[in-house]
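Visitor: Here the protein sequences line up with chains A and B, keeping their order. Per our numbering, numbering of the first sequence is gapless, rising by one per residue and ending at 795. Per our numbering, numbering of the second sequence is gapless, rising by one per residue and ending at 528.
These aren't lab readings, by the way, just hints derived from the structure by calculation. One or more of the hints may lead you astray.
Once the Cα atoms are required to be at most 20 Å apart in a straight line, the calculated PhoX-like pairs of lysine-lysine come out as [claimed, not checked]:
1. B/K505 to A/K786
2. A/K708 to B/K262
3. A/K732 to A/K786
4. B/K258 to A/K693
5. A/K693 to A/K708
6. B/K262 to A/K693
7. B/K505 to A/K732
A quick note: this is a predicted structure, and the numbers were derived from the prediction, not measured.
Listed here are the chains, written in short residue letters.
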Amino acid sequence: MFFDFVPLIAAVSDVTSATQNKTLETAMDTTGPIISENVHHFLPLTILVCLALLVPVSMLLISWFAGKYARVNRDLSDQSKEKHEPFECGIQTAATVGQADERFSVKFYIIGMLFLVFDLEVAFLYPFVIRFKYAEGWDLLWVLLAFLVLLEAGYLYLFRKGALDWEKEV
Amino acid sequence: MDTSTHQPVQQSVAERLDPHTATTPLGDWVRELCDAPDGGNLLSMTINVIIIIIAICAFSSLTAMVLVWMERKLAGRFQRRLGPTRTGPFGLLQTAADGLKLFLKEGFRPNASDPFTYYLAPLLPLTGAFMVLAVIPFGPSMWIADPELGLIFISAIAGLGVLALLIGSWGSNNKYSLMGGLRAGAQAISYEVSLILCFLLIVLASGETNLLNIVEGQQGNFWNWWIIKLPGAGFIAFIFFIITSTAELNRTPFDTTEAESELTGGFHTEYSGIAFSMFFLAEYVHMFIAAAIGATLFLGGYNAPFEFLPDGWWWLMAKSYAIIFLYIWFRWTFPRLRIDQLMALEWKFLLPLSLINLVFAGILIAMGWIL
Chain A
626 MFFDFVPLIA AVSDVTSATQ NKTLETAMDT TGPIISENVH HFLPLTILVC
676 LALLVPVSML LISWFAGKYA RVNRDLSDQS KEKHEPFECG IQTAATVGQA
726 DERFSVKFYI IGMLFLVFDL EVAFLYPFVI RFKYAEGWDL LWVLLAFLVL
776 LEAGYLYLFR KGALDWEKEV
Chain B
158 MDTSTHQPVQ QSVAERLDPH TATTPLGDWV RELCDAPDGG NLLSMTINVI
208 IIIIAICAFS SLTAMVLVWM ERKLAGRFQR RLGPTRTGPF GLLQTAADGL
258 KLFLKEGFRP NASDPFTYYL APLLPLTGAF MVLAVIPFGP SMWIADPELG
308 LIFISAIAGL GVLALLIGSW GSNNKYSLMG GLRAGAQAIS YEVSLILCFL
358 LIVLASGETN LLNIVEGQQG NFWNWWIIKL PGAGFIAFIF FIITSTAELN
408 RTPFDTTEAE SELTGGFHTE YSGIAFSMFF LAEYVHMFIA AAIGATLFLG
458 GYNAPFEFLP DGWWWLMAKS YAIIFLYIWF RWTFPRLRID QLMALEWKFL
508 LPLSLINLVF AGILIAMGWI L
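If we strip away everything but chain B, and leave its shape as in the complex, we get (with noise of 0.2 Å):
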């Protein structure tokens, strides 16, 4: 086969509007102040990223507590309950109180347990859902980072989150804690497989692994979303996506490794205080990272469902908040599975379905079958 007609890569990373240089009030007012007034020198890009750093991590932190005040309030509607109403309006507040009741609490550490891992593992699920948020697009110039390999990145750091709780499980010495760290690992490592299968789909339509250029590919009508642009293949993907994305992020009904009845909380048992917030935190930031994955691969990104209103973040919001919602839903609806029921359904259902689905996608694509 000739080599020369492969086409180069859409289009050049370098060619965008970047958020690191781009012409903001607050990024010249920076790049004036390191007497860099054209293109920004080293000094002026640090500053600058080190402010969209905290933006979007500030920002994403404050949506973790939404989403436990979420959580909290549907759960109480699909119980026919009200869920938290005194603090703040509506309860809003309830998880700032929560997180500052959590704050004053003693820190405590059991004698039995190995202080280096005990308190090494409560800070590597923050640091993975905060890199992971790097290369997530959430408007044409609202990113952190942007490398080629954004997707293969993401596959990379979500391993942090269960590396963690291996570590603390086995440094709490507590035999739940162990049971809940080794269900844990397995559970998580058996779903990464088919979750990057449906990464894979997405690279395999678009050719791309860069996150930004694959919204790129997506603009215009709702019909360009890939979940609907692969006729068939991407519906099952998206399907397969929140399935193992739940598994990955530990919830009913996958969540053996906490399965309060007959672990007591699992990995985090032997827990409190900040230690105990700070997975918890994790949790919340990590189910927003997959939701927004889900929206920016299969649903469009920040793009508009139609062409003649405009995009942006608001739209990447919207999407993920509704895979949120079903997250949530699912929760409060399904009974937790049995661990052989976990692991028969990923290696005897989703890992060789995905796999047909793949090649699925492949011959819609070879014969050019796209909408």
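Extracted from the complex, chain A is given alone in its bound form (with noise of 0.2 Å):
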């Protein structure tokens, strides 16, 4: 009873093929059909994409050129250098001025790693709780207990280490 899967497999079966009420094996097999009925819906996100991609280029294009020849002012032979720096306090020191590339904290690494393991996690509950709701009573909350136990104990570990701490030296 604890750990029975079957209806988180059947959730998954459910969140892949998108059809409703079909077992795992026969929404593996209907690849053909599934594809036709999904056209309908993402033929729109298709022409969309292309349309909203258009829009915004043709907007730069449309003011690159509205900008040099629909001005009033068409001077735009200032191309000093002092236009082209890097737009900071203006005072020449090393510490300011010059290329971006350099390294940066690697507290940013940190927020990513974290990311990655907490998105994971979340993404992994999908399947459970769209059938929650379909489930009887308490059978799929003790899988939703189980699971985020196992997960929180790794959580309380990063707390205690510090790594949830920004200010912490690394």
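Fit chain to chain and form the complex, with the hints in mind.
Guide: Structural data, given as structure tokens:
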């Protein structure tokens, strides 16, 4: 009862095939019809991606031409060194002005690693929660709790280690 | 456990009134033009889809411009001044005038920056914003696409915005930009976890990832909305949603990415003219989208608060604007958080409490304690 993962498998098949009421086997067999059914929903998205790329690109291009030819003040000849400097405080010291391709704090990498772990956790939770409503009573809640307890043990370890502290020296 | 007792998901998507084949005068005319009077063929469907896309995208761009006006007007009121008054009635045309001015600016790129990444970055946020708009149901038959995995689609596409900030900040080759971009990346990926946990709570309660099904599940009076229907858990999740979406939008009090007093504008320090205004426009479209998602998930979407009132897109607008007012109110009330406070708030407070709230909602549903 406690480790009955049949509802989980059913939930996974439900998510991946995006069809209703199919077992895992039949969902994996019917690749053809699913595609033709989903053309209905993904044709709009395909057109939308094209249009949504076209609109910003055309905005940039129109502005490029308008900025060049339609302005009252057409003097764009100022290409001086100062104009192309990085926008900073204006004081020419080595600490401020210059290339930005230097090393940065390792804290950002730690946040990235934490994100990977917890985002995967959340992604694994999706199949649970989609089927949760249709489960009987506490059946799926035990599975959810077992999963979360395992993960939160890791979370507590990170907390105690100080991985979640921004100011801690690493 | 017997898996056969699992009930099918409520209603098939194809059975619903589909805007791509719905019988509106314009749709009928297009279908007649394409020699497909019944049902429509691929050509007529494509044309109808393009009409809907243009309508909804133009509408949301206009909404973004209105939001800029609203933000300036409210900011004025919060600070006991008037805000824009001169251009048009109540200063309504101020945003259009600003946009026109920015259009006519010189397209400038610093020599030190990388051309490809510098010009790629302003394109992505608008693309991402329009793609998320596709799955939001504005009305019973007002949507562009209706995939079964709508919420997962949203959480996947929403990452595009922060990608653009990272690309743009890296490509401008400016230390302030780089710092702002890194902060934006760290902040967005941190808060995304608890944002998706808020989505998960709704999926848990409704058993759906399809946004239209989620809205249909909240029909009836206002106590059928998930914010009230799940006693306690729904309201907590809504508050967490407001906090995390404010952080995802990089708005005050979570705007360490822009932080004009320390980073001179953060990731868009080197951007000017139309490239800057595209970031700016996308920011406000994103704000509208976040509010519309919040209204869809927690406040019943396009459903009226009482049964005897007619449903429609105006309810979604009213709820979205209420949430947007909250965002603007936050911006002109709270001071900016430091980056360490920001990270502590997410990792030590919001994340564990969201998980506890999820389990709490699970117990509520398992015990059947739903209104």
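Visitor: Each hint needs a verdict: does it hold in this structure or not?
Guide: To see whether the hints hold, each was checked on the structure:
1. B/K505 to A/K786: holds (13 Å)
2. A/K708 to B/K262: holds (15 Å)
3. A/K732 to A/K786: holds (14 Å)
4. B/K258 to A/K693: holds (13 Å)
5. A/K693 to A/K708: holds (17 Å)
6. B/K262 to A/K693: holds (8 Å)
7. B/K505 to A/K732: Measuring from Cα to Cα gives roughly 16 Å; hence the hint holds.
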